[in-house]
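Spelled out from the first residue to the last, the chains are:
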Amino acid sequence: MEDWMNQLDWAWLQWLALGIFGFGAVGGALYLFFTKNILYGAYGLLTSLISVGGLFLMNGAEFLAVSQIMVYVGGILILIMFGIMLSAKGEKKEDALKVVNVNSLVSLLFAAVMAGGLIFYSVKMGGSRSLAEPSAEQVQDLGMSLMTTQVLVLELVGVLLLIVLIGASYIAKK
Amino acid sequence: MENQLPAMPDVIAQVPLNNYVLLASILFIIGIAGVLIRRNAIIMLMSIELMLNAVNLLLVAFSSYRSDPNGQIFVFFIMAVAAAEVAVGLAIIVMIYRNIRSIDISLLDKLRG
Numbered sequence: 001m002e003d004w005m006n007q008l009d010w011a012w013l014q015w016l017a018l019g020i021f022g023f024g025a026v027g028g029a030l031y032l033f034f035t036k037n038i039l040y041g042a043y044g045l046l047t048s049l050i051s052v053g054g055l056f057l058m059n060g061a062e063f064l065a066v067s068q069i070m071v072y073v074g075g076i077l078i079l080i081m082f083g084i085m086l087s088a089k090g091e092k093k094e095d096a097l098k099v100v101n102v103n104s105l106v107s108l109l110f111a112a113v114m115a116g117g118l119i120f121y122s123v124k125m126g127g128s129r130s131l132a133e134p135s136a137e138q139v140q141d142l143g144m145s146l147m148t149t150q151v152l153v154l155e156l157v158g159v160l161l162l163i164v165l166i167g168a169s170y171i172a173k174k
Numbered sequence: 001m002e003n004q005l006p007a008m009p010d011v012i013a014q015v016p017l018n019n020y021v022l023l024a025s026i027l028f029i030i031g032i033a034g035v036l037i038r039r040n041a042i043i044m045l046m047s048i049e050l051m052l053n054a055v056n057l058l059l060v061a062f063s064s065y066r067s068d069p070n071g072q073i074f075v076f077f078i079m080a081v082a083a084a085e086v087a088v089g090l091a092i093i094v095m096i097y098r099n100i101r102s103i104d105i106s107l108l109d110k111l112r113g
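Note that the protein sequences, when read in sequence, are chains A and B.
Counting from 1, position 32 in the first sequence corresponds to residue 32 in the working numbering; the numbering is continuous, with no gaps.
Counting from 1, position 64 in the second sequence corresponds to residue 64 in the working numbering; the numbering is continuous, with no gaps.
Keep in mind that the hints were calculated from the coordinates and are not lab data.
Ideal Cβ positions, reconstructed from N, Cα and C, are used throughout, including at glycine.
Treat the hints with care, as some may be off.
[What the hints assert, rightly or not] Pairwise CB distance ranges (calculated):
no., chain 1, residue 1, chain 2, residue 2, range
1, B, Ile78, A, Gly117, 22 to 30 Å
2, B, Leu111, A, Thr148, 20 to 28 Å
3, A, Phe110, B, Arg101, 26 to 34 Å
4, B, Ser106, A, Phe110, 42 to 50 Å
5, B, Leu107, A, Leu16, 45 to 53 Å
6, B, Arg98, A, Trp12, 51 to 59 Å
7, B, Ser106, A, Leu16, 43 to 51 Å
8, B, Asp109, A, Lys173, 24 to 32 Å
9, A, Met125, B, Ser106, 37 to 45 Å
10, B, Asn99, A, Thr148, 46 to 54 Å
11, A, Leu13, B, Glu85, 18 to 26 Å
12, B, Asp109, A, Gly27, 22 to 30 Å
13, B, Leu111, A, Ile166, 23 to 31 Å
14, A, Leu109, B, Ser106, 18 to 26 Å
Construct all of the structure, not just a fragment, from the sequences and the given hints.
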């Protein structure tokens with residue numbers, strides 16, 4: 001009875017997942033780029049960040065997917081929304097959240113040249129398959145590596161976060 | 001019922017790598033264009049987050065491709081530094097807003113020669 005499940009070709013599933021998450025990531029980013037309202041732009045960034053978290057999951061990085069959602073969506077985005085609330089008050093009520101664009105021609109030209117170069121090289125790279133078999137102890141490997149070979153960097157990042165915590169509250173207090 | 005379905009990562013991990021490179025390139029380019037064109041400080045900060053995320057995606061994809069957890073450690077550190085950057089950046093933005101009642105970057109031209 002379960003034989004038909006083995007007969008099916010499950011390859012479409014990866015393309016479906018890649019399509020959903022890729023569309024979410026690029027769509028949210030484009031919405032952030034084109035919107036006139038900062039708050040809606042933050043929602044676009046939210047969509048993009050969650051989709052990138054899903055792509056992490058597709059690559060077998062479960063720990064990073066969860067930290068992506070906790071750090072970015074739960075921390076950074078909330079911080080940005082508080083920043084918007086604290087600074088969104090213009091001369092008139094309605095232009096508080098408006099955004100001005102400048103230098104569109106030169107910047108778009110620069111971005112287009114860079115996009116052309118990057119896309120040219122990534123197409124030239126060819127469709128190499130992902131060969132790695134996902135190991136079951138990936139989180140364990142990550143933890144061992146963080147606590148042995150990378151422990152100095154881990155401590156430095158901890159000290160950096162502490163300094164930033166003190167400095168940011170000092171700057172914003174005055 | 002065991003071993004009926006292929007394990008989820010086995011199915012998923014066969015997407016060719018160049019799709020991820022293409023996706024990360026597109027996200028990075030949108031972030032660059034956002035930083036260059038928009039003049040609102042918070043939008044520029046969010047575009048920088050977008051660029052950092054594109055690089056993170058690329059690191060995770062290559063780490064999974066090489067079956068090497070070191071790429072994921074880089075992503076972990078990038079996330080921590082990004083959180084620090086946003087905290088300081090938003091504190092500075094709030095201070096700028098208190099001083100000139102606006103967060104339009106083009107108003108900050110006092111040092112122009």
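Hint-by-hint comparison with the structure:
For the pair Ile78 of chain B and Gly117 of chain A, the supplied restraint of 22 to 30 Å holds, since their beta-carbon distance comes to about 23 Å. Judged by the Cβ atoms, the range 20 to 28 Å given for Leu111 of chain B and Thr148 of chain A is violated: they are separated by roughly 47 Å. A C-beta distance of roughly 31 Å is found between Phe110 of chain A and Arg101 of chain B, which places it inside the suggested range of 26 to 34 Å. At about 18 Å, the CB distance of Ser106 of chain B to Phe110 of chain A disagrees with the hint of 42 to 50 Å.
Checked against the given bound of 45 to 53 Å, the beta carbons of Leu107 of chain B and Leu16 of chain A, roughly 47 Å apart, stay inside it. The hinted range of 51 to 59 Å is satisfied by Arg98 of chain B and Trp12 of chain A, whose Cβ atoms lie roughly 54 Å apart. At roughly 44 Å, the beta-carbon separation of Ser106 of chain B and Leu16 of chain A lies within the given 43 to 51 Å, and the hint holds. Taking 24 to 32 Å as the suggested C-beta distance range, the pair Asp109 of chain B and Lys173 of chain A conforms, at roughly 27 Å.
The beta-carbon spacing between Met125 of chain A and Ser106 of chain B, approximately 39 Å, falls within the hinted interval of 37 to 45 Å. Take Asn99 of chain B and Thr148 of chain A: their Cβ atoms lie about 47 Å apart, and the range 46 to 54 Å holds. For the hinted restraint 18 to 26 Å between Leu13 of chain A and Glu85 of chain B, the CB-CB distance of approximately 37 Å leaves it violated. Restraint check, Asp109 of chain B to Gly27 of chain A: a C-beta distance of roughly 35 Å breaks the suggested window 22 to 30 Å.
Under the hint 23 to 31 Å, the C-beta atoms of Leu111 of chain B and Ile166 of chain A, about 27 Å apart, fit the expected range. Here the CB-CB span from Leu109 of chain A to Ser106 of chain B is close to 20 Å, well matched to the stated 18 to 26 Å.
Hints 2, 4, 11, 12, counting from the list given before, are not met by this structure.
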